[in-house]
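Listed below, chain by chain, are the residues.
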Amino acid sequence: MTSSRGLTRLSAHRMGAGLRAGEFSARELLDAHLSLIEAQDGALHAWVSLDFERAREAADRADTTLVAARGVSAAPRDGSTPTLDALPRLLGIPVALKDLVVTRGRPSTAGSRILESFISPYDAHIAERLDAAGAIVPGKTNMDEFAMGSSTEHSAWGPTGNPWALDRVPGGSSGGSAAAVAAYHVPLAIGTDTGGSIRQPAALTGTVGLKPTYGRVSRFGIIAFASSLDQIGPFGRDVRDTAILLGTIAGRDERDSTSAPVAVPDYAGELPSSDDEAAASLRGVRLGLPRQYFVKGMEPGVEARVREAVAALADAGAEIVDVDLPHTDYGLATYYIVAPAEASANLARYDGIRFGRSVRGADVLGNYLATRGGGFGAEVKRRIMLGTYALSAGYYDAYYLKAQKVRTLLKRDFDEAFAQVDALVAPTSPTVAFPLGARLDDPVAMYLSDACTLPVNMAGLPGLSIPCGLSEGLPVGLQLIGRAWDEARLFRLGRAYEAITADAKWRTLEPTDLRALDDPATPGPMERVAIMGR
Amino acid sequence: MIAERPARTRYEPVIGIEIHVQLRTASKMFCGCSTDSVEAPPNTLTCPVCLAMPGTLPVINRRAVEHVLATGLALEAEIPEVTRWDRKNYFYPDLPKSYQISQYDLPLSARGRLTFDTSEGPVIVSITRAHLEEDTARLIHQPGADGQRVSLVDFNRSGVPLMEVVTEPELHSAEAARRYAEELRMLLLAIGASDAAMENGQMRVEANVSLRERGTEPFGTRVEVKNMNSFRSVERAIEFEIDRQAQALDAGEPLSQETRGWDDARGVTYTMRSKEDSHDYRYFPEPDLPPLRPDRAWLERIRAGLPELPAARRARYRDEVGLSAYDAAVLAGDAGAVALFESARNADPGLSAKRIANWVTGEYLRLAKGAGPESTTSATRADGVQLARLVRLVEEGAISGTNGKQVLERHVATGEAVDAIVKELGLAQISDERPLVAAIDDVVAANPTAVSDLLAGKTQVLGFLTGQVMKATRGQANAAKVRELLERRLASGAQGPTEGAPAGSTGDDPGSTGGPLGSTGDDPGSIGSRD
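First to last, the sequence lines map onto chains A and B.
Per our numbering, the very first residue in the first sequence carries number 1; after that it's consecutive.
Per our numbering, the very first residue in the second sequence carries number 535; after that it's consecutive.
Simulated from the structure, these hints should not be mistaken for laboratory data.
Predicted model, so just to flag it, every value in this text is computed and none were measured.
Note that CB positions come from ideal geometry on N, CA and C, so glycine has one too.
Any given hint could be a false lead.
[Claimed, not checked] Selected chain A positions facing chain B (Cβ under 7 angstroms, derived; list incomplete):
id, residue
1, S257
2, V295
3, E299
4, D351
I would like the entire structure built from these sequences, with the hints used as guidance.
In structure tokens:
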């Protein structure tokens, strides 16, 4: 019998096996997680809304299904009840949703005051998928307002701490999801990645995060930031778990015209089951090392961990090739034209007329100014203004149109690289988790957090971040970038890297500040910021 | 009304027309909500998508795209290899996303043309583009509970598909502008792209009007005119605007580039907003919708599905059916009339097509459009088979032309079978001589003075006597027959009953084969026996 806390340390696929074997119930599994959340989230602040009651009902339903399936396996089948093997892999597994995934009848604020009172009348496509798979959603996780940020400090509801160092950020914008997974509050979580918002927090919290190919997962019901860049993806503590979650949410949805009718492989099922087999799969694989991703501003400790990881892959038989992505330097500038331009239009619907925050002014314009002026935070306003400016008459050609042309060049860089190699290996973030507040007054420094991730969004490609060790006691992420629709290869490579580093000491370490989370005296991130500011 | 026409001779009006039409689709442009908003209570035809709730995404209505492509093909326009959608950004409470999904530089159709007739001959106008976009919600301004003026928003119309068709500035008279709009409407009705009813906003015409000195090239200051809710007001508003601008130019007053509204009651245009108020719409490609590449096979299917277009139909009615140019235009101009005419022709190919056409363009359209001269396609309960039957009965003298109109009126209103109406109203025409002779006898007996006047040579009295017989038979008597019998009767000088009338006079009456048609006024039932 595993202890309550022990249950939370299992991987999602191990939880699934335990549920099927009847080692524990879905309700026991959920309650183990909920008690951690209850005990620790005051100090961590990974969550912005919780619904224990609904989660417990879902867990009880999962148990009913499990019991019925176990009965079928014991007795002759009647055909109508699924067998244990036929049950969805996520049945009874807790999964966190980033606070921009809308769910019917529940709050979804996207980290913004302007949506404080918003209750969605419908479910996001991925929420339906997760429901159908029997996943249990305990609540929604914190994020930078409208996913604009790299630290989760731009949340209207206050920052989230990093379980490795509570005075540091968990990355962002999906920082709440990353922190919740790292702190064992859930084995799996949903994030979104517009310029690095899954991969960078995964790197900074020592978790696994995948940004799928643009069009792989339906955006229907995901509160939009930048439509041509946003993708929804999974967080987990290992590659297999992450693959299971992607398999559950991926695939064509007619309600999102940009979701692609491309077949979805059985990502988790196709992964090698033994470490030996996984390691062997590296032989003959050609991996590109993009020169431009190892330059200025990179912390030596991060570079060292990434180069060690590359060396380990080479030792295991992968062929490492230096490649050039010559337009990388333009990625940040073009991203900060395209993304704000789209955001300026996407966020224009928050006008106080139909839902959410609504403040009366003297006239129609006054209503807009009062509603939006008080509803949006500084970073969101900054980006709305950037985007509005870039689209204005007389500037459109010089900014937006030019940026789209550079975007084509960025894509071409990747196309040429993938003519030589099967995947690219790079750092995810140039630094480890930085202290709360360190970059808050310097937007450009904050934007540089995503220098290694946002070109991948501009090209619409999949990118996987996996932990590759610690620098100064904080996690470092290794980024694997693949061809469009080639997530399965990234999972195989990630799994292989896990196999060849299975015995590494850092893999045995839990996040440093988990113990502090259990101490009721530990201040929450908001109080911590106040103390640090003094 | 400004009427100083002489000023006009100095200037040439330059007019371009922009027309928005609601496309005929069951569901909205980007969601599954119904477009049937005329009767629906406010905000009942909405969903998260057309309310722009967070997280929603648009999905293109294929039928709407097909309507625009069909219109483009009918306008001989070019269909691009790639077309895409753009966001037009502005804040207003009737625009839920605060941007309208429209098309900017790659419309679904471009560079077409349309030919139409005017009193000064045919005109060909270049069509700049036809593109697809979505309608806004509707704002209703009314006093609120506290007496303050409040604005209410009805999102039923939000996201209804609209097509915008834009001409080059190539029209030079208000009449041409009106005729263009009418011709486009006929074309849209013919291909079924829109119901294009101006009175309920399914078709909205805006005119860009400027003047320049005759013989010069550069365009003058352009004024956009809106709020014209009928074809007549299109013509009147543009006439007014031409005069207003001509007067201003003559007086040396500067014109300003502005948008003016048409006040139909006062017959004037007024300033709605000046150029300074114009928006920067910050168009950019809609990232939620991939570009569309209309494949050639699809286009060919749409092209093959196009019906005969109004211009071709008019030519056929003129040349084949022998209608006047005017009647051909009237008939071809009403989709309901065309359908009725064609089905009546099919129902009884032996009838003269011209006769049927006369019934349709005359009586039928008068009845169908009684409510308003510019109602849309006449939608009545009239049926081609029944119309053919009616025309045949009149042609063959079974009912009089006058009573035929009465029958048609009833049929148009109720859809009842013509024979049943004739029977119920007792309208079968009496051509059979026996009852007519009896009626004549009564009239002659009752009007001795008239008879003696007639015998004295006052032939105009014949009309009076015929009228008396018609009256006595409640209009059922065959008037020509009555006149003939009266003349014969009086020529013989006899005042007694006429005998030995030739029985063959009604031999070709369709009713006579089935029984004693017209033999008595109250037994026209034999008409029904033919059906």
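Going through the hints against the structure:
no., hint, verdict
1, S257, "holds (5 angstroms)"
2, V295, "violated (30 angstroms)"
3, E299, "violated (35 angstroms)"
4, D351, "holds (6 angstroms)"
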